[in-house]
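Put the complex together from the two separate chains, hints included.
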Amino acid sequence: MIDFSYTVLILLIPLVVFVVVGLFGNRFKPIVSGLVGTTGLFIGWVLSIFTAYNYFFVSGKGAEGAFVKVLAFSMRWLNLTDKLHIDMGVLLDPISVMMLIVITTVSFMVHLYSIGYMAGEKGFSRFFATLSLFSFSMLGLVVATNIFQMYIFWELVGVSSYLLIGFYYTKDSAVAASKKAFIVTRFADLGFLIGILMLSYATGTFDFIKLTAPDSPALTSGQGVWFLGLSTMTWSMIFIFMGGAGKSAMFPLHIWLPDAMEGPTPVSALIHAATMVVAGVYLVARLFPIYHMNAVALDVVMYVGAFSSIFAAVVACTQYDIKRVLAYSTMSQIGMMMFALGVSGYGGEEGLGFMASMFHLFTHAFFKALLFLGAGAIIHAVHSNVMQDMGGLRKHMPITHATFLIACLAIAGIPPLSGFFSKDEILAAGHMKSMFLFIVELTVSGLTAFYMFRLYYNIFWGKNTHYHHTPHEAPLTMTLPLMILALGALFAGLVPFASLVTSDGMPFETHIELGVAIPAVLAGLIGITIATLMYRKETNVPERIFNTLGGFSKAAFNKFYIDEVYLFITKKILFNYVSRPVAWFDRHIVDGAMNGMAYVTNEASDRVKKLQSGQVQQYALVFVSGALLLALLFIYLWTN
Amino acid sequence: MSILTLFIIIPVLTIIGILFSKNHMQVKWVSVIGMSLQLISALALIFLYLAERRAGNMAEILFVQDNLWYESLNIHFYIGVDGVSVAMIGLTALVVFAGIFASWDIVDLPREFFTSLILLASGVFGFFISLDLFTMFLFYELAVIPMYLLIGIWGSGPRHYSAMKLTLMLMGGSAFILLGLLGIYFNSAPSGGPLTFDLIKISKEHIPIAAQNFLFPFLFVGFGVLGAMFPFHTWSPDGHASAPTAVSMLHAGVLMKLGGYGCYRVAVFLLPEGAHYWGWLFLILATIGVIYGAFGAIWQKDLKYINAYSSVSHCALVLFAILMFNQTAINGAIMQMISHGIMTALFFALIGMIYGRTHTRYINEMGGLMKVMPFLAVAYVIAGLASLGLPGFSGFVAEMTIFVGSFQHPDTFHRVCTIIAASSIVVTAVYVLRVVGVLLLGKIKNEAFETLPDAKWHDRMSVVALIAGITIIGSAPLWLSDMINGGLGPIVQKLLAAAPAIMP
Numbered sequence: 113m114i115d116f117s118y119t120v121l122i123l124l125i126p127l128v129v130f131v132v133v134g135l136f137g138n139r140f141k142p143i144v145s146g147l148v149g150t151t152g153l154f155i156g157w158v159l160s161i162f163t164a165y166n167y168f169f170v171s172g173k174g175a176e177g178a179f180v181k182v183l184a185f186s187m188r189w190l191n192l193t194d195k196l197h198i199d200m201g202v203l204l205d206p207i208s209v210m211m212l213i214v215i216t217t218v219s220f221m222v223h224l225y226s227i228g229y230m231a232g233e234k235g236f237s238r239f240f241a242t243l244s245l246f247s248f249s250m251l252g253l254v255v256a257t258n259i260f261q262m263y264i265f266w267e268l269v270g271v272s273s274y275l276l277i278g279f280y281y282t283k284d285s286a287v288a289a290s291k292k293a294f295i296v297t298r299f300a301d302l303g304f305l306i307g308i309l310m311l312s313y314a315t316g317t318f319d320f321i322k323l324t325a326p327d328s329p330a331l332t333s334g335q336g337v338w339f340l341g342l343s344t345m346t347w348s349m350i351f352i353f354m355g356g357a358g359k360s361a362m363f364p365l366h367i368w369l370p371d372a373m374e375g376p377t378p379v380s381a382l383i384h385a386a387t388m389v390v391a392g393v394y395l396v397a398r399l400f401p402i403y404h405m406n407a408v409a410l411d412v413v414m415y416v417g418a419f420s421s422i423f424a425a426v427v428a429c430t431q432y433d434i435k436r437v438l439a440y441s442t443m444s445q446i447g448m449m450m451f452a453l454g455v456s457g458y459g460g461e462e463g464l465g466f467m468a469s470m471f472h473l474f475t476h477a478f479f480k481a482l483l484f485l486g487a488g489a490i491i492h493a494v495h496s497n498v499m500q501d502m503g504g505l506r507k508h509m510p511i512t513h514a515t516f517l518i519a520c521l522a523i524a525g526i527p528p529l530s531g532f533f534s535k536d537e538i539l540a541a542g543h544m545k546s547m548f549l550f551i552v553e554l555t556v557s558g559l560t561a562f563y564m565f566r567l568y569y570n571i572f573w574g575k576n577t578h579y580h581h582t583p584h585e586a587p588l589t590m591t592l593p594l595m596i597l598a599l600g601a602l603f604a605g606l607v608p609f610a611s612l613v614t615s616d617g618m619p620f621e622t623h624i625e626l627g628v629a630i631p632a633v634l635a636g637l638i639g640i641t642i643a644t645l646m647y648r649k650e651t652n653v654p655e656r657i658f659n660t661l662g663g664f665s666k667a668a669f670n671k672f673y674i675d676e677v678y679l680f681i682t683k684k685i686l687f688n689y690v691s692r693p694v695a696w697f698d699r700h701i702v703d704g705a706m707n708g709m710a711y712v713t714n715e716a717s718d719r720v721k722k723l724q725s726g727q728v729q730q731y732a733l734v735f736v737s738g739a740l741l742l743a744l745l746f747i748y749l750w751t752n
Numbered sequence: 003m004s005i006l007t008l009f010i011i012i013p014v015l016t017i018i019g020i021l022f023s024k025n026h027m028q029v030k031w032v033s034v035i036g037m038s039l040q041l042i043s044a045l046a047l048i049f050l051y052l053a054e055r056r057a058g059n060m061a062e063i064l065f066v067q068d069n070l071w072y073e074s075l076n077i078h079f080y081i082g083v084d085g086v087s088v089a090m091i092g093l094t095a096l097v098v099f100a101g102i103f104a105s106w107d108i109v110d111l112p113r114e115f116f117t118s119l120i121l122l123a124s125g126v127f128g129f130f131i132s133l134d135l136f137t138m139f140l141f142y143e144l145a146v147i148p149m150y151l152l153i154g155i156w157g158s159g160p161r162h163y164s165a166m167k168l169t170l171m172l173m174g175g176s177a178f179i180l181l182g183l184l185g186i187y188f189n190s191a192p193s194g195g196p197l198t199f200d201l202i203k204i205s206k207e208h209i210p211i212a213a214q215n216f217l218f219p220f221l222f223v224g225f226g227v228l229g230a231m232f233p234f235h236t237w238s239p240d241g242h243a244s245a246p247t248a249v250s251m252l253h254a255g256v257l258m259k260l261g262g263y264g265c266y267r268v269a270v271f272l273l274p275e276g277a278h279y280w281g282w283l284f285l286i287l288a289t290i291g292v293i294y295g296a297f298g299a300i301w302q303k304d305l306k307y308i309n310a311y312s313s314v315s316h317c318a319l320v321l322f323a324i325l326m327f328n329q330t331a332i333n334g335a336i337m338q339m340i341s342h343g344i345m346t347a348l349f350f351a352l353i354g355m356i357y358g359r360t361h362t363r364y365i366n367e368m369g370g371l372m373k374v375m376p377f378l379a380v381a382y383v384i385a386g387l388a389s390l391g392l393p394g395f396s397g398f399v400a401e402m403t404i405f406v407g408s409f410q411h412p413d414t415f416h417r418v419c420t421i422i423a424a425s426s427i428v429v430t431a432v433y434v435l436r437v438v439g440v441l442l443l444g445k446i447k448n449e450a451f452e453t454l455p456d457a458k459w460h461d462r463m464s465v466v467a468l469i470a471g472i473t474i475i476g477s478a479p480l481w482l483s484d485m486i487n488g489g490l491g492p493i494v495q496k497l498l499a500a501a502p503a504i505m506p
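In order, the protein sequence lines correspond to chains Z and A.
Count along the first sequence from 1, then add 112; that gives the number in my numbering.
Count along the second sequence from 1, then add 2; that gives the number in my numbering.
So here's chain A without its partners, still in its complex pose (with noise of 0.2 Å):
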């Protein structure tokens, strides 16, 4: 058995472990127990795998397991990791368990709550460590359906109508999905034999150009939806305002992730020529996500629209990497989908503390908040920072590793597009000191808020955890790079088959 089912076995232990907790107390520290063991393995699982690698175990996929459960179709339980997946488990272990401590003030139902969250944690974990494309839309649909119960249950505002359309919007994205993956299906083995979900397998296989170019936009699309691309990511600054912390949190951190890496591990990697003939396309639109982002942030005055529509931007530099179709770039797409991942569930995180105090979320209600709060001030600080591209935080590495590689690109219209992106770094400068200007410093505008408390020793653990995943990746970025580096071999070469000319 291979350490990878860890990550599906202990979600449902914990689950267990919930279910069977006689009171608040108990639920909290089975789900801490749970998700710190959690952690653990992805360390382990981080350690074990550099491990290997350096042993001069060359295998694409390392840790595979492989179990037939439906004969029929060929759907296999087939798991194993690359460095990009041992990378995204890391980043969704590290948000998960800081999301069980920020949500430690739950106090309706706590015991569905706590489910729910781990539920979904758990079909993140499996959707990132398969390799049969059914088995892997399967985690998918078992992370997106509980969202629908955390939103509508213990959200706030216009709880009911983000719910529904966040779903419906993200249902619509997976039909999409099906419809693609149904497809790739039906021309996974062009050269005859039987036919197969294997991601692998069909990889190694080339599907006929006719089928790629059909099939691209259903999956590009499918997984932007979830990977908020424009003009599809209007879910997102709704439903992240409705929905309570945790549930932003992991939903900005790790949810948001899943659209990316789908976007990359089946749509670019399965179907390289559809990318090539699809991607000017999808990196227009890319394009405007990251400056339209931007721009939308500026004019928001509730926090979570501003963070929402700052991850729409962010996010829009996941795709856009990735439709450079070069290593480095898809490098920083990858780092730039956990950098972003981590410090999004930080500002979630800060802003669900900030919003337990004050009971607002309209910055020009509050204001000098770093005198009566300064651990949480402090930590606003450090998260804005890093979401304007600080060095010594992961955000630059990774946006600078992307503007490198996408530069390098030989083409005229992808270096043009690379400015437009890189311009956006000075309008999130914008919007983050606004806020921090607004809210932090200056005058203390509302007395009542003087005596609020600052955090309490849960929130510290969250938020410290975090802050220390962005700092040591942006201080050494280097072991994440190569690690990363080394799972993209298969896909660059895949590209450079299907278009050897735009390749650098």
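Looking at chain Z on its own, in the form it has when it is part of the complex (with noise of 0.2 Å):
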């Protein structure tokens, strides 16, 4: 076996960059800052790599044939009861060394980027440091030994994704949207939080090798009935997925992710499309033995999962801010992912849904993060994010053109890129689950192609925009990222999962049945066939559609109105009717109830210093009426 150990070195690079460009970023030339974050980040991929084919192609397997779990590096890190502690380790197994090798190529191609993107901007230094506490935070949680690391990392990135998502600070929109998603996912942590607190109260333990193993306390313990007809264990994993609907975007904890395109792009690509919204898929994966015995937390999975991919590819053919479409096809993909966790067995053949959901995270990881740095460098190009101020840009931007294309026809689905492959099993084992849902994930296959080209064709063709400044392609620094990414999105689709990535780390079989795979290749032609259609060529189809929708097609524009209820709860309800009357109660009641006796003790006091009046005439009169009803008082109380 392969000492592992030296994985921790993945984490610590990111961190010791974050504490020095963080402290001493300013005293540099920017720059410095930009190529001590890159450097580090291609060291943690390089040893990323490396690992990977250490694990899955030297001594990642045990004796059956089945990768097993190796515990790299743990430490302890804090007492809480006898049997509860929490550790600092690095777990390494097939969905954490593949989540390592998407997180460094990413984060990676991010930085690269973003030298050119950021380059002049003010709190470069900045940027850096952030990004590169995020990318700490982000191993750090995919690599925990432990659901309470995981818990740690996971608000580690929550704030990292808060300060880049308030990355220009001065600007009211971004400072609010950095608040939303901050508080929205906290919301959804506190369900985690709770989720924790019960796992760990009916197992007696935090440790995921202890809770997935074959007789884990989990399995065993807290299946009885404890409320409102489900067990401990089943409400603690419906409170642990809210956590992962928080940070994924699931339905209705989605709609900060919109509002966080307000970050840079860069930004955008890196933490809102490849890989901290996928880190609820990715806690779901990671207690999916858990979740497959309790079928009830399963099946809110994966109607969760399903309804919010097709709610989000309903709002994303509306949009017109590009970067926005690309949030909500975020929202959609992720959906899907859930949803093949939701529909997965356990174990072989039947784990296929787990092996398709961490494919599809795997190719989208790519495609996703293309999409959004080819967004970026037409954003930087032409100083816009709304698509009517696109259009003609394939003849400005040759390199960015082909890459972008390649990432729409990936995520459509069309064969041989990588998406067909990933989307084919997640449709594949919907298949097996339920005629209904695959149904809606086809539609949501179609519409996906929709929308996507739908982009593509109103930046790239559409109407021949006039310019103020000619638009230029990006440096290199930009384009090269692209261009490796596009590669990524081309070809990750062959590397075969089902051998590495599998529910119980037993490889099997798979192929490509045609029953599925037809209809979906169709479904994706079909979206980009009437794209062509409408957005070639600048016509007004588009609008005569939309208004035939009528009502309809203005709720999907405008969200479904879901930021609406959220703000009647939190402004009316929460402020108004609770905070307020507190704030009132406190001062009125509360402190006024303090000062009353204050006051009943002055007002006492008033009263009783007017005896002292220092006139003898007064004391007698009190000393002998006084003398008088005591006798009186005598002579009663002797009569009787």
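Calculated directly from the structure, the hints in this document are not laboratory data.
Virtual Cβ for every residue (Gly too), placed ideally from N, Cα, C.
Possibly wrong hints are sitting among the right ones.
Said to hold, decoys possible - Chain Z stretches covered by chain A per the calculated footprint, using a threshold of three residues with CB under 8 Å from any CB of chain A:
1. 181-194
2. 307-315
3. 697-703
In structure tokens, the structure reads:
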């Protein structure tokens, strides 16, 4: 067995970079921060590839031919009870190694890209410091050895996301978006925390290896009915999924993701497309053996995933801001991954959905990061986010155009690009579970192809916009990552996932099922065709269709008014009907009672002090009347 | 003579030094030297303590010193520490150290100001090292009384009202405490022998249950007032709002901890049956306090009020955890005291520095300060993130220890309370990010603020020391948690003996 303890360096390097650049970044020229950050991630990338090679092809397999979990590094961080303790460590298994590759690749590309994209921005080194903080947190999240370590890094990715969304902190919309993202995910994290508390109460451990082992206490204990007909374990899994749904922008906790696009575009590519937002999927995959035993919780995952995917796909068709289209597309694709987990079984071929979900996570990281970085190059060139300001850019930006097209074809599921393979497995897994949901996901596939090509044509074809400054192709630091990611989008589908990343570590065989693949490709082609007819040349067809659909399209354009619902709950109810009365109650009732006591005391002393007037006549009067009263009292008592 | 005496001698010598200083500068430097020595002794104490423990010294109390000073009532100057008090001493030394630097700009009567401040600090130190209930109470009063002068003379706004309110409410609490302590004294030898104030000796005795049930509310409410227990917390927002910076820091950072510490060390430790009898009632109050304080903070517009309500919420969590009666939760309570102490001192220091520049504390009148004073603004963001329980800072460690510990309670009522209390982390995020957004980010609202200076060296000293504190505890909490755990054995045993059924 190879000693994997060096993998801890993959985490530590970005952490050191964060501390150094964060504290001293201002002392150097900005470019130094950029280079230090990029070099750090490059080393991490090389180490990750080395690790993946060693794990998958040299020493990851146990005696039975299944991939085993390797505890590469572990140290005690905090003792809680005699059974519960928090460790910090590195756990290697197929999904975490796969995530290491995804994160370091995309993060490295984004670092490289940002050197060009962020050039000349104020806060250049702050940007790179935070990017390193994010990379550290995200890597710590995926290699977590126990659920509490995961929660710790979960919060840390949340805060890096907050800091990066609010990077342009003088812009009110960016400040509001960052706040919204943090609070919405925090609310979801409360669910995660409660889930962890329940899980640890029932099982007495945080450790993933123990929790997911065949003799896990999670499978044997706490199965009794606890509340509303569900067991403790099911509830805890549902609560934990709430955390995952928040981070992964699943309906109805998705409202922060479109606003998060206020952040610089490389950030959207890294955090809000390829890595952090899939943390929820990863979380469910990590605990999959337990989810598998709690059918209700797994059904929740499936329905939430399926609904989110179709919901977001519909909204994406109506948006004009190119980054928002991509954001909804991300939400829709993550919905598909969740759906795949939800329909999956456990072990061997039963775990097709699990494998498909991880596969799609992997391929999606490449083409979605590519799409965002491409969008960044376009925004950089035309200084606008809105597709009405674009058109005919294919001539001005050939590299961006070519790579963007590859990504669009990949996400639309056109063979032999990467998206085809992973999406096909998801649909195959869905097909085995439920015909209805299969059709839903097929529709999502079609819609995906449609809105992606709507985007593509509006940017690169359509009307010939006259630009103030002729748009230029981006510099090499920006186009190089595009080209590398395009290679990923082209070929990532050829990775034999079924023999590497499976639910129980046992490899199995997959084959393309024509009964699924043909409808899937057809759906994609139909979507592309409609988009071509509608948007290749400038016409008024889209507007007419939009108007024909009337209220529905208006609702979709307004994101089905979910934001307004939230605003009503927070602003109206929590602020005005909870917080304000609390503040009033405190000042007037609680404090009023205290002031009242003081007032009564003062008043009483005022009354009493009048007795001490210093006038002898008054004293005599009081004395005589007092004596008289006492005398009367004694006589009365005595006679009775 | 025990090393602990240093914690009384150094402040006394510093005060003498201040009285003999010739000018402002000397006053400040004498204070700085004195309190730096105090901080060094505190760090030395932590190292010595850990070394003793590692060497296998398993005595309940270390560094003991015992002198009889009033024979007829059997009152001793009896001092000694366990893991919990060592931690509290470390906290106090750090906050006082930072407080001296934060009050560098005091112009009126600096000599008197620093004297009162250090007198207050010595009261706090004395309280934490005392093991004799009477001596403890003496130091307690010594800490509370200078507060009146400090707010009344150097305060701002309706300072006389606030000072009077604060002092009267705390004195009311003291009256309760005194009654409780006397009650314990007269029950301190149920099996015969001389009556005693000796905390350790009393803890070995079994006070009759009827007496415990009667005395517990006095002590818990009395200390609870200082710990800002709902509904006796209203002195806190007014008092903090009027107090000068360093006083707010010391008050919220250290003095309020006397309340939590007293509840833990005196009320629950000596009266475990009483605690079980009344626990549910105070647990409800504490749970209300956690949520109530957080919601109260959302609506405030004055920075100090926001932080005061936030303190109500965080300190309620301390009492909440103590009332869970298990080792993990109580450990969390102590860590929460330390964490909140440093964090809130940092907040008040920063608020003072910002107020010193902008002359307003209303968040709506400010905005975009990140551009003007990046150092202070970044520090404020860090304090805010620590306050909302971000991992890497001490608040997270403390809160998670509390929640995990509390949720291990076998009783459903306690677990439901835990979930309610845990939901405060969301509300906290709301008010913290609201302040950060309005105050620091966005555009500069008032053009007059554009030229304001950033932190000076003494501001930086204060801020960096406190941030170092929360970061060290937050990223490497194991030593602290183990040190505190080492001191919790006796109280856990007593609680276990009082009600075996409800302890996990």
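Verification of the hints:
1. 181-194: Result for this restraint: holds, n = 6.
2. 307-315: holds (count 4)
3. 697-703: holds (count 3)
Comparing the model with each numbered hint stated earlier shows that all of them hold.
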